[in-house]
Structures are given as C-alpha cells and as structure tokens.
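The opening residue of the first sequence carries number 156 in this note's numbering; numbering runs sequentially from there.
These are calculated hints, taken from the structure and not from any lab test. Take these hints with a grain of salt, some might be off.
SDA-like, lysine to any residue: derived pairs with alpha carbons at most 20 Å apart [claimed, not checked]:
no., residue 1, residue 2
1, K287, I182
2, K180, A343
3, K179, V231
4, K287, R184
A quick note: this is a predicted structure, and the numbers were derived from the prediction, not measured.
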Amino acid sequence: MSLLPCSFFLRPDVVQIARELLGKKIITRFAGEITSGVICETEAYAGVTDRASHAYGGRRTARTEVMYALGGTAYVYLCYGIHSLFNIVTSDAGTPHAVLIRGIIPAEGTEIMLRRSGKTKFTHDSGIGPGKVSKMLGIHYSHSGFILNQFDNPGNNTISLEDMGTDIDPDKITAGPRVGVDYAGTDALLPYRFMVQELILHSKP
DNA sequence: ATACCGATTAACT
DNA sequence: GTTAATCGGTATA
Numbered sequence: 156m157s158l159l160p161c162s163f164f165l166r167p168d169v170v171q172i173a174r175e176l177l178g179k180k181i182i183t184r185f186a187g188e189i190t191s192g193v194i195c196e197t198e199a200y201a202g203v204t205d206r207a208s209h210a211y212g213g214r215r216t217a218r219t220e221v222m223y224a225l226g227g228t229a230y231v232y233l234c235y236g237i238h239s240l241f242n243i244v245t246s247d248a249g250t251p252h253a254v255l256i257r258g259i260i261p262a263e264g265t266e267i268m269l270r271r272s273g274k275t276k277f278t279h280d281s282g283i284g285p286g287k288v289s290k291m292l293g294i295h296y297s298h299s300g301f302i303l304n305q306f307d308n309p310g311n312n313t314i315s316l317e318d319m320g321t322d323i324d325p326d327k328i329t330a331g332p333r334v335g336v337d338y339a340g341t342d343a344l345l346p347y348r349f350m351v352q353e354l355i356l357h358s359k360p
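All chains should be modelled from the sequences, with the hints used to inform the complete structure.
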C-alpha cells in the first residue's frame with residue numbers, strides 16, 4: 156500500500172479519476188481515531204461545463220470556492236441540512252472538477268465506524284450512500300478545504316488516500332447516470348457514476 | 001431580510 | 001414504496 160501521489164489528482168480527466176478511485180482506500184485520523192474504507196462508488200462532476208456541478212458556469216460562492224483549489228483538496232458540503240457529502244477536488248487550481256465519494260467498504264476501525272453511525276453491526280450496504288461515508292469516516296462539512304495526504308495538521312488529523320496495490324477488474328465496474336441531478340438537463344444523462352457491485356480485487360505481485 | 005430547495009437517510013407501512 | 005426530519009446555500013426582494 157502506498158499513498159496516492161499528488162499527480163493522481165492533478166490530471167485533467169475527472170471522469171477517469173472517478174473511475175480509478177474505485178478500489179482505493181480512504182483513511183481518516185481524527186482525534187487519534189483511525190478509520191478506513193475501500194471506495195466502491197463514485198461520481199464525477201466536470202466543473203464549469205457540467206450543469207450538475209456546483210461550479211457550473213464558473214460560479215464561485217463561499218461554499219464552492221474550495222472546488223477551485225488544487226487537486227487533492229477535500230470539498231465537503233451540507234446536503235438536506237443533515238448530511239456532509241465528501242468530494243475530492245481534482246485537476247489544476249482554477250479548474251473546479253470534483254469526485255463525490257458515494258460508497259465505501261468498511262476496513263479498519265469498524266468499531267469506531269459502527270459507533271459513529273449508531274449501529275451495532277454492519278450490513279452489506281452500511282457504507283453505501285454519500286452521507287453514510289462521511290458519517291462513518293468522521294468527515295464533517297467543516298473539513299471542507301482540508302488537504303489530503305497531509306500529515307502535519309493540528310492534532311495529527313489526516314484524510315488520506317492509498318493505493319491498495321490492486322486493481323479493479325474493469326468488467327466489474329458499472330457506469331450509469333448520476334443520482335439526484337434531474338435538474339441538470341442533458342447532463343443528467345451522462346454516465347458519470349461508477350460502482351463495483353462485487354468488489355473483487357485482483358491481486359498484484 | 002426572507003423563501004425555497006437540495007449530489008439524503010432512516011424509519012415507517 | 002412512502003415520507004418526515006432538518007438547515008446551510010442561494011436567489012430573490
């Protein structure tokens with residue numbers, strides 16, 4: 156296992172990055188509590204030209220300003236007044252691309268994640284749903300702007316992304332339209348949602 | 001200053 | 001399958 160390099164997030168094709176994030180591990184350390192999960196569902200939001208994106212048309216507000224940061228920054232915002240939704244900003248600074256993490260398979264720190272989600276045991280879909288992802292990993296919208304893979308934050312808090320040393324079999328990846336973006340006209344039909352129904356990892360020597 | 005609504009979830013029937 | 005919960009962001013005035 157190794158940290159994903161900055162260059163991974165700085166590439167221009169957000170759709171490809173969304174696809175490649177499947178099978179990667181996201182790890183958080185908050186208040187000394189370490190939790191992690193393997194990404195199994197993502198959605199790409201393609202910046203100023205994507206009507207489903209918060210940055211459509213180059214819009215900049217206090218909330219969306221973070222989307223214009225350098226790739227590898229966290230964009231977290233509140234949805235329905237309750238849920239923190241975690242996105243990874245990609246591409247160069249000034250290009251507001253982002254990938255929404257919609258689902259993880261719980262890995263380390265399962266007891267902590269159960270506690271955070273108010274559950275006593277996991278089911279097959281405990282980590283599926285963008286609000287649940289943030290809840291389990293302890294990510295809050297106040298973390299928007301957090302730099303990923305940075306280890307010198309106060310309290311040693313970190314959000315990091317690791318390569319598992321394995322790749323998802325492309326045949327196991329399903330692409331389809333994004334959730335809840337009906338307002339986006341023809342862009343609502345774009346196949347920018349990716350998931351791995353069976354998260355089968357292919358071992359690498 | 002005010003009103004509307006959402007990249008959702010959990011708890012129901 | 002249906003629906004209540006819940007509040008910051010954004011547009012409108």
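We went through each hint and held it up to the structure:
With a C-alpha separation of about 15 Å, the suggested pair K287 and I182 falls inside the 20 Å cut-off, and the hint holds. Restraint check for K180 and A343: not satisfied, since their Cα atoms lie roughly 28 Å apart, outside the 20 Å limit. Our distance criterion of 20 Å between C-alpha atoms is met by K179 and V231, whose separation comes to about 19 Å. Taken as a hint, the K287 and R184 pair is honoured in the structure, with Cα atoms around 17 Å apart against an allowance of 20 Å.
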